[in-house]
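Listed below are the residues making up each chain.
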Amino acid sequence: MEDQIKGRVYKFGDNVNSDIIIAGRYLIYIDPAQLAEHAFEMLGDGFPSRLRNFDILVAGRNFGCGSAREQAATAIKGLGIKAVVAVSFARTFYRNAINDALPIVECPALYDVVAEGDEISIDMAKGIVSHGGHEYGFPGIPASVAKILELGGLANYLKSTLEAGKL
Amino acid sequence: MSQTIAEKILARKSGQARVSPGQIVDAYPDLVMSHTATWRSVSVMKKIGARKLYDPDRLAIVLDHISPAKTEKYAADQQTSRNFAREFGIEKFYDVDAGIAHLVLMEHGHVRPGDLIVGTDSHCTIYGALGALGSGIGYTEVASVWVTGKLWMKVPTTIKLTLEGGFAPGVGAKDLMLHLIGRLGADGCGYKSVEFYGAALRAMSISERMTMANLAMEMGSKCVFIPPDEKTLEWLLSRLKDPASYEPVSADPDAHYEQSIGAELSELAPMVACPHQVENTKPVTEVLGTRIDQAFLGSCANGKYEDLAIAAAILKGRRVDPRVRLIVTPGSKEIMLEAMRSGVLATLMESGALVTNPGCGACAGDGGMMADGEVSLSTANRNFIGRMGSNKSSIYLSSPATLAASALKGVIADPREFYC
Numbered sequence: 001m002e003d004q005i006k007g008r009v010y011k012f013g014d015n016v017n018s019d020i021i022i023a024g025r026y027l028i029y030i031d032p033a034q035l036a037e038h039a040f041e042m043l044g045d046g047f048p049s050r051l052r053n054f055d056i057l058v059a060g061r062n063f064g065c066g067s068a069r070e071q072a073a074t075a076i077k078g079l080g081i082k083a084v085v086a087v088s089f090a091r092t093f094y095r096n097a098i099n100d101a102l103p104i105v106e107c108p109a110l111y112d113v114v115a116e117g118d119e120i121s122i123d124m125a126k127g128i129v130s131h132g133g134h135e136y137g138f139p140g141i142p143a144s145v146a147k148i149l150e151l152g153g154l155a156n157y158l159k160s161t162l163e164a165g166k167l
Numbered sequence: 001m002s003q004t005i006a007e008k009i010l011a012r013k014s015g016q017a018r019v020s021p022g023q024i025v026d027a028y029p030d031l032v033m034s035h036t037a038t039w040r041s042v043s044v045m046k047k048i049g050a051r052k053l054y055d056p057d058r059l060a061i062v063l064d065h066i067s068p069a070k071t072e073k074y075a076a077d078q079q080t081s082r083n084f085a086r087e088f089g090i091e092k093f094y095d096v097d098a099g100i101a102h103l104v105l106m107e108h109g110h111v112r113p114g115d116l117i118v119g120t121d122s123h124c125t126i127y128g129a130l131g132a133l134g135s136g137i138g139y140t141e142v143a144s145v146w147v148t149g150k151l152w153m154k155v156p157t158t159i160k161l162t163l164e165g166g167f168a169p170g171v172g173a174k175d176l177m178l179h180l181i182g183r184l185g186a187d188g189c190g191y192k193s194v195e196f197y198g199a200a201l202r203a204m205s206i207s208e209r210m211t212m213a214n215l216a217m218e219m220g221s222k223c224v225f226i227p228p229d230e231k232t233l234e235w236l237l238s239r240l241k242d243p244a245s246y247e248p249v250s251a252d253p254d255a256h257y258e259q260s261i262g263a264e265l266s267e268l269a270p271m272v273a274c275p276h277q278v279e280n281t282k283p284v285t286e287v288l289g290t291r292i293d294q295a296f297l298g299s300c301a302n303g304k305y306e307d308l309a310i311a312a313a314i315l316k317g318r319r320v321d322p323r324v325r326l327i328v329t330p331g332s333k334e335i336m337l338e339a340m341r342s343g344v345l346a347t348l349m350e351s352g353a354l355v356t357n358p359g360c361g362a363c364a365g366d367g368g369m370m371a372d373g374e375v376s377l378s379t380a381n382r383n384f385i386g387r388m389g390s391n392k393s394s395i396y397l398s399s400p401a402t403l404a405a406s407a408l409k410g411v412i413a414d415p416r417e418f419y420c
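Residue numbers (the working numbering), protein chains in the order written: chain A, 1 to 167; chain B, 1 to 420.
Because the hints were derived from the structure by calculation, they are not lab data.
Among the hints, a few may not be true.
Under the rule of at most 25 Å between Cα atoms (straight-line distance), these lysine to any residue pairs were calculated in the SDA-like manner [to be verified]:
| hint | chain 1 | residue 1 | chain 2 | residue 2 |
| --- | --- | --- | --- | --- |
| 1 | B | Lys46 | A | Ala164 |
| 2 | A | Lys11 | B | Asn391 |
| 3 | B | Lys282 | A | Asp14 |
| 4 | A | Lys166 | B | Ala50 |
| 5 | B | Lys46 | A | Gly165 |
| 6 | A | Lys166 | B | Gly15 |
| 7 | B | Lys46 | A | Thr161 |
| 8 | A | Lys147 | B | Gly49 |
| 9 | A | Lys166 | B | Tyr54 |
| 10 | B | Lys150 | B | Arg12 |
| 11 | A | Lys166 | B | Lys154 |
| 12 | B | Lys150 | A | Glu150 |
| 13 | B | Lys154 | A | Ala101 |
| 14 | B | Lys52 | B | Gln79 |
When you get a sec, could you build the whole thing from the sequences and use the hints?
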């Protein structure tokens, strides 16, 4: 995982559910690229291709609510999105994102000041989002869990634990 | 002392005397459920090179979402899941004939009060109807629990929800939950455990409690508890292999609740969730006359025997409006058999219903897809855009009683006129 994540922002509202992120009919896939072709498709309106011009998703409350489908995080990663910054996340999406090595940031203060197309940068190590000359702090993920993100997701984490004979 | 139910279960399953909200523990689930997603967890095991399970007896697999297979891809994925179950000797394996995982596991006695159960489905909260801590996780995490036996979990804070009074005729558990979801919001209980209490609870059937614990997920709940009482124990008695083998958990009288909320059941009206969010709820009186093309009676929220019987009582001797396709999907084989033997299925079919095989059915997009501009009324738990077909179709959610009344009229209707 990169410590510094920079890029242009696409902004969503509250309660973006995981059915919107990837519809149930595509759960036959687990490959990020295949899933990304159909991410946010239910919104019509040029999705998902319009998201390919952005690097970071910003969202309101409860991002990823609804179904526990892990592919919601995988599909976003497949789009080339480097991080999601939300006011809050649904717990299953939060877990799945960590397990898929998609950096997620809970930063309510950013939401009202950021607009579509704005540049932001995220310092994962320091817990700071920078936007328009201002800095906004965010709590890091629990230390005991950070290792999973660092190793590139839960499968890699398990693999390295197995190989180290620690399982 | 002073512990909530979630705190006590997570302490017990992580080998600690007590735990506090916010603390992260390594908990050892009693059961890990995987449904149609099983093949994905199998692929993770392969990818990481794992060959051993922590404890095959803790796995339960139910092929429920797309059953039977409708494409070669589904068939191949189910084959992967079946082969895995055979190779590792998974005894709690249920094939495409069984029904919805949650209902099947409870019916077969695999869910006990005080258990910790995780699975590849957000509606694992339903196990709280029997006093177990149920919570959803992704398929990679399921594979991780298969192999390591454990899962990191954050100890949640708890909300106490006290129910008073009794339902008016034609109003029930689904209406209560739609009311609460509308009132508290889709994240009103986000990351939190919910404990239900109140005199009204004792009058509620196990089926109604399942509806409640299931729908509570739609207000973000991490887990839900309806403390076991004599009804729970009676329900479990014929189902558990060893009825003495579990340890029910209750909250301490001085347990700390983040919030206490009340609801008076007698004041509730039949409720409907309008497109495209479950929290977008209204009393049925505000949406009367809304045209419907399809009515779906099923799902882990409301595909149980009682739900089918409630609809059948309204539909008996009457005909579904010819503009409406009424699709009935019993939640499980056990439910379907009971409905067959009691005549409920015949009543539904005589009224014009199409009855499908047990499973998730239209709620998971397995049949019952909708075309552009069509409207479905559904007893399921989600009305998200495109969930049942075209993204230009829409879904309303209601109780089985409201669904039956509406199917007869061809428009959303108030069931209370059938209870006079």
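Subject >> Violated constraints from the hint list, given by number and in increasing order >> reply: Structure breaks no hint.
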